[in-house]
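Guided by the hints, dock chain X onto chain C, whose structure is given.
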Amino acid sequence: MRAYIIRRLLLIIPTFIGISMLTFALIQLAPGSPIALKLQGMDGAMQADAATQDIIEQTKALYGLDKPIPVQYGLWLGRLVRLDFGNSMKDQRPVMDKIGEALPVTLMFNLLSLFLVYLISIPVGVYSATHPGTKRDSALTVFLFILYSMPTFWVAMLLILFLGGGEYLDWFPIHGLQSGDATSLSWFARLLDRLWHMAMPLFCMTYGGLALLSRYMRAGMLDVLRQDYIRTARAYGFSERTVVWKYTMRNSLIAIVTLLGGLLPALIGGSIIIETIFSIPGMGRLAFEAVLSRDYPLIMGEVTIASLLTLAGLLLSDLLYVAVDPRIKLG
Amino acid sequence: MTETDLQTEKTSRRSLVWRQFKKNKPAMVGVALVLVLGLVALFAPFLAGDVPIVMRKDAKLYLLPNVITYGALQAENMYRNFDRWEPGPGEFAWRPPIPYSPLRQNLRERLEPPGREHWLGTDDRGRDVLSRIVWGTRISMSVGFIAVGIAVLIGIVLGALAGFYGGAVDALILRFIEIWICVPSFFLVITVMAFLEPSIVNIMVVIGLTGWPGIARLVRGEFLKQKQQEYAIAARASGLNDRRIIFRHLLPNALSPVFVSATFGVAGAILTESGLSFLGFGVPPPTASWGEILKQSQSYVDFAWWLVAFPGVAVFITVVSFNLVGDGLRDALDPRLRQ
Numbered sequence: 001m002r003a004y005i006i007r008r009l010l011l012i013i014p015t016f017i018g019i020s021m022l023t024f025a026l027i028q029l030a031p032g033s034p035i036a037l038k039l040q041g042m043d044g045a046m047q048a049d050a051a052t053q054d055i056i057e058q059t060k061a062l063y064g065l066d067k068p069i070p071v072q073y074g075l076w077l078g079r080l081v082r083l084d085f086g087n088s089m090k091d092q093r094p095v096m097d098k099i100g101e102a103l104p105v106t107l108m109f110n111l112l113s114l115f116l117v118y119l120i121s122i123p124v125g126v127y128s129a130t131h132p133g134t135k136r137d138s139a140l141t142v143f144l145f146i147l148y149s150m151p152t153f154w155v156a157m158l159l160i161l162f163l164g165g166g167e168y169l170d171w172f173p174i175h176g177l178q179s180g181d182a183t184s185l186s187w188f189a190r191l192l193d194r195l196w197h198m199a200m201p202l203f204c205m206t207y208g209g210l211a212l213l214s215r216y217m218r219a220g221m222l223d224v225l226r227q228d229y230i231r232t233a234r235a236y237g238f239s240e241r242t243v244v245w246k247y248t249m250r251n252s253l254i255a256i257v258t259l260l261g262g263l264l265p266a267l268i269g270g271s272i273i274i275e276t277i278f279s280i281p282g283m284g285r286l287a288f289e290a291v292l293s294r295d296y297p298l299i300m301g302e303v304t305i306a307s308l309l310t311l312a313g314l315l316l317s318d319l320l321y322v323a324v325d326p327r328i329k330l331g
Numbered sequence: 001m002t003e004t005d006l007q008t009e010k011t012s013r014r015s016l017v018w019r020q021f022k023k024n025k026p027a028m029v030g031v032a033l034v035l036v037l038g039l040v041a042l043f044a045p046f047l048a049g050d051v052p053i054v055m056r057k058d059a060k061l062y063l064l065p066n067v068i069t070y071g072a073l074q075a076e077n078m079y080r081n082f083d084r085w086e087p088g089p090g091e092f093a094w095r096p097p098i099p100y101s102p103l104r105q106n107l108r109e110r111l112e113p114p115g116r117e118h119w120l121g122t123d124d125r126g127r128d129v130l131s132r133i134v135w136g137t138r139i140s141m142s143v144g145f146i147a148v149g150i151a152v153l154i155g156i157v158l159g160a161l162a163g164f165y166g167g168a169v170d171a172l173i174l175r176f177i178e179i180w181i182c183v184p185s186f187f188l189v190i191t192v193m194a195f196l197e198p199s200i201v202n203i204m205v206v207i208g209l210t211g212w213p214g215i216a217r218l219v220r221g222e223f224l225k226q227k228q229q230e231y232a233i234a235a236r237a238s239g240l241n242d243r244r245i246i247f248r249h250l251l252p253n254a255l256s257p258v259f260v261s262a263t264f265g266v267a268g269a270i271l272t273e274s275g276l277s278f279l280g281f282g283v284p285p286p287t288a289s290w291g292e293i294l295k296q297s298q299s300y301v302d303f304a305w306w307l308v309a310f311p312g313v314a315v316f317i318t319v320v321s322f323n324l325v326g327d328g329l330r331d332a333l334d335p336r337l338r339q
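Just so you know, the sequences run in chain order C and X.
In terms of the working numbering, the first sequence opens at residue 1 and continues consecutively.
In terms of the working numbering, the second sequence opens at residue 1 and continues consecutively.
Same shape as in the complex, but just chain C (with noise of 0.2 Å):
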């Protein structure tokens, strides 16, 4: 076990610096890298632009673009390492201070997200696959099939015509996190303020998690239930309940837990649509402003951070998948 956590770890070392490649990489599209300058340059009149060639000042200075490769990329590694991104270039303040407003907004939606997505598909899956072929497991099937074939920014959209204000219902806010006057409100009102902006983004963010979980749940819940183990549980003469809540949940959460580490990208990254749609200060909308502003720094800073931490989310994963299935031989 501690071999393998510790091997497991040092594996981290060549995906960093992987991470810092591919990220080095995209720097060669920056405004002012004679590579990006090939591709776009031959445009004489964003040349001639003197903002354009103050960017371009700018982000040579940042990144040393000047210099050779090699100087380059070492300049870049301890940028990476001391996670100093610079000044956005929009309104000159240091990057990861953006990056720090905007993550906790993100990640509180994710986690709330993928709470809900464990706390329902759970006992859905487990409906459907103790009832199987009965008219509600086939109906419900349908249901979750649909819910996870529906693009988000078209559910996102519906939402918002038909609830959203407009000529239909206004149910619900549709922009930012809170009310106007969200200040002036107790502790509690507030609480729900924040609760009633958050429910169309959130359940944008949580319906096609769910639908595919509780499909993988129903899919894991049979393959165990066709255990012989299960056979001999039942043969014990130990209540459905205990052969199906005890035996069989258990292993199958195992498969879902594994998919958690699929789920992390975007996890961390933040939705870009749905943020951008419902305008939440997260990770997301923070990344298409700076693609749509084309802020350099703010871009850089927003890749590697979310490949980071994606990173660390990956060894998590990986980690709780051999603690919950204590069958995974570990050599």
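Note that these hints are calculated values from the structure, not bench results.
We put the beta carbon where it would ideally sit given N, CA and C, even for glycine.
Among the hints, erroneous ones may be present.
[What the hints assert, rightly or not] Coverage of chain C stretches by chain X, computed from C-beta distances (three or more under 8 Å per stretch; other residues unrestricted):
| id | segment |
| --- | --- |
| 1 | 18 to 26 |
| 2 | 132 to 141 |
| 3 | 287 to 294 |
| 4 | 299 to 306 |
| 5 | 310 to 320 |
[As the list claims (entries may be wrong)] Short, incomplete list of chain X residues facing chain C, as computed with Cβ under 10 Å:
| id | residue |
| --- | --- |
| 6 | L42 |
| 7 | E178 |
| 8 | A267 |
| 9 | P311 |
Just chain X now, with coordinates in the frame of chain C:
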């Protein structure tokens, strides 16, 4: 076993999978829908547009001016003015059933709700929504298939190398996959799209470049399994070179999970493309794309339900069809479910 025995074995496995697949009604519905979508994409100029399919003008018969550009018509600037042209005496024009170009703006007819003229309404520049959706099918289907093709190609090569050679090659490629998984792909796609010239080719390449790690992992896993099989050891013992063993012997047996994953991948790529267009990083305007119609609807979302509903339905149906086919394939290939 003789050569012929092996041959029957192979065909029977394939037909077994097909028989299993055919029994799955939803999957067959999916196949039918995919075919319909493919036909719509292929025959878009015959379904929607203001250029006639057959026409007679100035005592000359033109066949298929909607796909062939005629010099004579070009000279009269007809291709820009087909919407205003009415055939005179002795002339005629047989137009597509949706006689509106996806690009022609008509500001007097902007934001019309669905009606008899425009079945699915018009957008904020007076363009026919149905026509734009029909032409958008082309973008979606071509991006879906080509992006996944690129991803599959990279995934197969890297996965096969990792699984076949193992050791240092495997370790290196596994690291590479992990790195690629860590970088948020949709963000990477919009970043690259923001700095490159926006074009459909760039979209296909960029989506393809982010989609391969899953496929590489599948192929690697299959190769690890297959290379232990007797036929693989036999192939190696008979002194075939590595390339032949990999591509002729192992790969065909390792492809089944790739098909399943690629089918879901097409749905995913189509979603990514419409998401990109929705954010404004997709195919450059005025080209019609489903995501781009939805993007427009953002400004009129308080009343223009037709701009939200219909392009979304198009994306939804497409994603459902590919997911149905993918589910069916997976079940048909799963020997545990076979009776």
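Results of checking the hints against the structure:
no.: 1; hint: 18 to 26; verdict: holds (count 5)
no.: 2; hint: 132 to 141; verdict: violated (count 0)
no.: 3; hint: 287 to 294; verdict: holds (count 5)
no.: 4; hint: 299 to 306; verdict: holds (count 4)
no.: 5; hint: 310 to 320; verdict: holds (count 3)
no.: 6; hint: L42; verdict: violated, 24 Å
no.: 7; hint: E178; verdict: holds, 5 Å
no.: 8; hint: A267; verdict: holds, 8 Å
no.: 9; hint: P311; verdict: holds, 8 Å
Against the hints set out earlier in the document, violations occur for numbers 2, 6.
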